[in-house]
Amino acid sequence: LSNAFDVMLKATREIEDHVVRREMVVSISRMLAVLDDEDRIKNVVKPYLSSEEDRDGPIIEEVNDDDEEKLAELEESGVALDTIMERAIITCALLLSKKEVGSWALGTGWN
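Here the working numbering is used: the first residue of the sequence shown is 71, the next is one more, and so on.
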């Protein structure tokens with residue numbers, strides 16, 4: 071499952087069409103729902119959500135393409151935009167399939 075999950079995640083991240091991306095997120099949520107055990111799901115997604123620093127949860131703010139200063143701050147934070155997109159895809163998929171694990175991903179898993 072891990073290899074298939076990795077391929078689906080990277081493919082979803084690279085899709086330009088938001089409608090197709092949304093359907094891919096739904097497919098990822100179904101793939102994770104098959105595991106059925108919260109601990110197993112957390113074990114699969116934790117490597118994608120974790121980083122070295124410890125925080126209480128994500129910092130959610132809007133980043134506009136026009137606002138070059140905020141985009142520069144985001145790039146300086148050391149977290150690649152691709153990584154942020156993967157975390158958002160995983161969290162959204164979890165919130166669709168397993169609300170408790172999705173809440174965990176938003177609160178403590180995304181650090």
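Heads up, some of the hints might be wrong.
[Unchecked claim] Under the rule of at most 20 Å between Cα atoms (straight-line distance), these lysine-lysine pairs were calculated in the PhoX-like manner: (1) Lys116 <-> Lys169; (2) Lys112 <-> Lys80; (3) Lys112 <-> Lys169; (4) Lys80 <-> Lys116.
[What the hints assert, rightly or not] Have a look at the derived ranges for each label pair, beta carbon to beta carbon: (5) Asn113 <-> Asp152: 29 to 35 Å; (6) Gly177 <-> Asp87: 26 to 32 Å; (7) Val90 <-> Thr178: 16 to 22 Å; (8) His88 <-> Ala150: 32 to 38 Å.
Calculated directly from the structure, the hints in this document are not laboratory data. We put the beta carbon where it would ideally sit given N, CA and C, even for glycine.
Okay, the hints, checked on the actual structure:
1. Lys116 <-> Lys169: Given pair Lys116, Lys169 holds - Cα atoms ~16 Å apart, limit 20 Å.
2. Lys112 <-> Lys80: OK: Lys112 and Lys80 at ~19 Å, within 20 Å.
3. Lys112 <-> Lys169: 12 Å, holds
4. Lys80 <-> Lys116: At roughly 16 Å apart (the allowed maximum being 20 Å), Lys116 and Lys80 satisfy the hint.
5. Asn113 <-> Asp152: 29 to 35 Å: Between Asn113 and Asp152, where Cβ atoms are some 22 Å apart, the hint is violated.
6. Gly177 <-> Asp87: 26 to 32 Å: 31 Å, holds
7. Val90 <-> Thr178: 16 to 22 Å: 31 Å, violated
8. His88 <-> Ala150: 32 to 38 Å: 21 Å, violated
Checked against the numbered hints given earlier, the structure breaks hints 5, 7, 8 and satisfies all the rest.
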